[in-house]
Amino acid sequence: MSAVYKLEGVKHNYDGRTVIDIGHLEILEGEIFGIIGPSGAGKSTLLRLLNFLEPPRQGVIRYRGTAYSAGNMPSLDVMREITTVLQKPALLSTTVFNNVVYPLRIRHKRPDPQKVALMLQRVGLTKLGHVRASSLSGGEAQRVALARALIFNPRVLLLDEPTANLDPANIAVIERLVREFREETKMTVIVVTHNVFQARRLCDRVMLLHEGACVEVNDARRFFESPKHALSRAFLSGEVIF
Amino acid sequence: MKRACFLLLLSAITFSGCFPSGTRGHAQPEELLLATTTSTADTGLLDFLLPKFEQEYNAKVRVVAVGTGQAIQLGRSGDVDVILVHSREAEEQFVNEGFGVKRYDLMFNDFVLLGPSSDPAGVIGARSVLDALGRIASRGATAQGVVFASRGDDSGTHKREMALWEQAGLGTPRGEWYSSLGQGMGDTLIAADEMRAYVLSDRGTYLSMKDKLRNLSIVFEKDEDLFNPYGIIAVNPQKHPSVNFRLAQELIAFFTSVHVQQMINEFGVDRYGQPLFFPNSEQWWLEHGGE
Amino acid sequence: MLLGQMVSGLFEAFKLIIEGDPEIYTIIFLSLRVSGIALFIATAAGVPLGAWLGLTGFPGRRLVVALVYTGMGLPPVVVGLVVFMLLSTTGPLGSLGWLFKVPGMILAQSIIALPIVAGLTMSAVGGVNKNVKQQLVALGASPAQVRWATLSEARMGVIAAVLAGFGRIVAEVGAVMLVGGNIQYRTRVLTTAIVLETRKGNFGMALALGIILLIISFFVNAAVLRLHRKELGES
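Residue numbers (my numbering), protein chains in the order written: chain A, 1 to 242; chain B, 1 to 291; chain C, 1 to 235.
Bound conformation, chain A alone (with noise of 0.2 Å):
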């Protein structure tokens, strides 16, 4: 499998405070990968660089063989290949329809209504279409927020805590419906998620992120049954790391 992204000595900071500090990281086309660490690790701050919803301040991220930097941000045709849903679903205040077809619109292209009622329903949601998403509930947006980041076919997921909030019956769908696009669009996730049961679940390799530095990267089952880093072993225990 070939690195979808390759991050070369990046480095953020904000009000001169690192944020993030990561010599060298690659990310696999295809993969389920997991970024887990304490709050404040800099693990939303990565993947707003991974979106490149803002410029590292030092160093490149390759994505898909092109270097982008500072200086020199992809286009909007490549941020168009990716996209975040948030811990909490940012949801326009119009029905659920329109909130899922959005990424369609902005694209000029015209909502196909078998697809959308599709991928309504396999969210579970095909009766709530023209529902104010306002009126919805904590999972049921989420679900609403997943579909319209899936409703394009994006070559990167990331997802940010998507289930911090959520029953465990909201979790289990999400995660399975995350598996499941995986397997049929074979595109690559990235999950940032501070429950390491989560992460063993669904993650395929996980990345421990602690101040910003990439602590151990290693398969999942690996990482979580024999951890090599001092600090993962102690993170997994459930000791508070600093």
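Quick caveat, the hints were computed from the structure, so don't treat them as lab data.
Careful, some of the hints might be misleading.
Under the rule of at most 25 Å between Cα atoms (straight-line distance), these lysine-lysine pairs were calculated in the BS3-like manner [what the hints assert, rightly or not]:
1. B/222 to B/212
2. B/102 to B/159
3. A/109 to A/186
4. B/102 to B/52
5. A/115 to A/186
6. C/101 to B/212
7. A/88 to C/133
8. A/228 to A/6
9. B/222 to B/210
10. C/133 to A/109
11. A/11 to C/130
12. A/88 to C/130
Starting from the structure of chain A, add chains B and C where the hints point.
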């Protein structure tokens, strides 16, 4: 409530005044509320006379300058102690209904008919003010550029104007040429100046604003029908026990006294070359009888 | 006595509305026409200005924002004075002949409403959740598409801004009195009629007009509150 507190305080002060030791000079001044028309306040006559009264009687007079209609209404509701207005009929009604004790003649001024110096209605040289108004009405209905601006606020001046239209046999004027503004004298003069309109004004307000009125000048004056008497009435304490009737009567006595009447006769002469108001109290006429 | 006047004022208000006194209807209609047209102008200029200030950054933006906020508190009587001086026969716009006429009143009220509409539009647009904007970019929206969606998200706030502008000008007296002149049948609106009736001592009539104005303001403000609640419910 405020007023009751004030009265309580006042009686305490009056009581303390009984003690001999010259505390009277330091006593809190008594308060008197006077409702009057904008014309007396705008000309500065009250600012000229009242300080003398306040000093002499250790009083503080608060002036509410409104239209005659509202001034009388304030008297009816007992919100003021004394009213100084110029609308004879309304004043007599006020007394007859028992709201006022007695109406005293105080002074008079006169009205003047103002208009643009081009005089598009040909008012200059009219036989009488009624003739002048007739010309404005007939030209206004037919010719462009003839406009009349009315106070339209039920004030003494407005009531007089309406009476004059009536006397001239024109009823209540209406039409494009007639603008009923519903504003005070000063505002109406400014508007009439901008509109190049004819307007009926009291002489005092006109003289005090003459410098600011670029387009207006007197086109007709000195007609018996333009005579404008002012009256002063204390509010009846039997209707409104809270009013300061005693001080109100003192103010009336002060205003109608010969030496204050003389001051009224001289007010404004230094600035405008002519008096704004003419003395008209009984005392004055006793002194200057036969003139 | 005063209580009695208030009660009789209430009765008089309903009587006037039901009986359809033609002068009252002229006054109400003129109030709505002047403030309505002024609002239309203020909206056409203020919503784009507010959206522009809320969506973009440029050098000098803070100064413009400060000016807009100052303008929101402009005393109507000061606006009236300046417009009066502009439209006076000796003023720079005297040749328009708008003084003491409806166009002059509309001009003054447009100036009063403009900063309110612009300022509240700016707040509404600026108040759209930052996460939403970031999410839009992440979904592939171009900068122009983000701006448009942000404006659309703020639409309830924008409508509230427009209604607030209306509530302000329909209830203002200082500017229409100075610029309009309160001329019967021509430039007399609800607020100036209230001043006039009070001056005449017709407190009952004044109160009746006040109640009519209050009813209009009530419906406008109720609409504003409804929209605010709706907006809160959606965010």
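Can you list which hints this structure breaks, lowest number first? none
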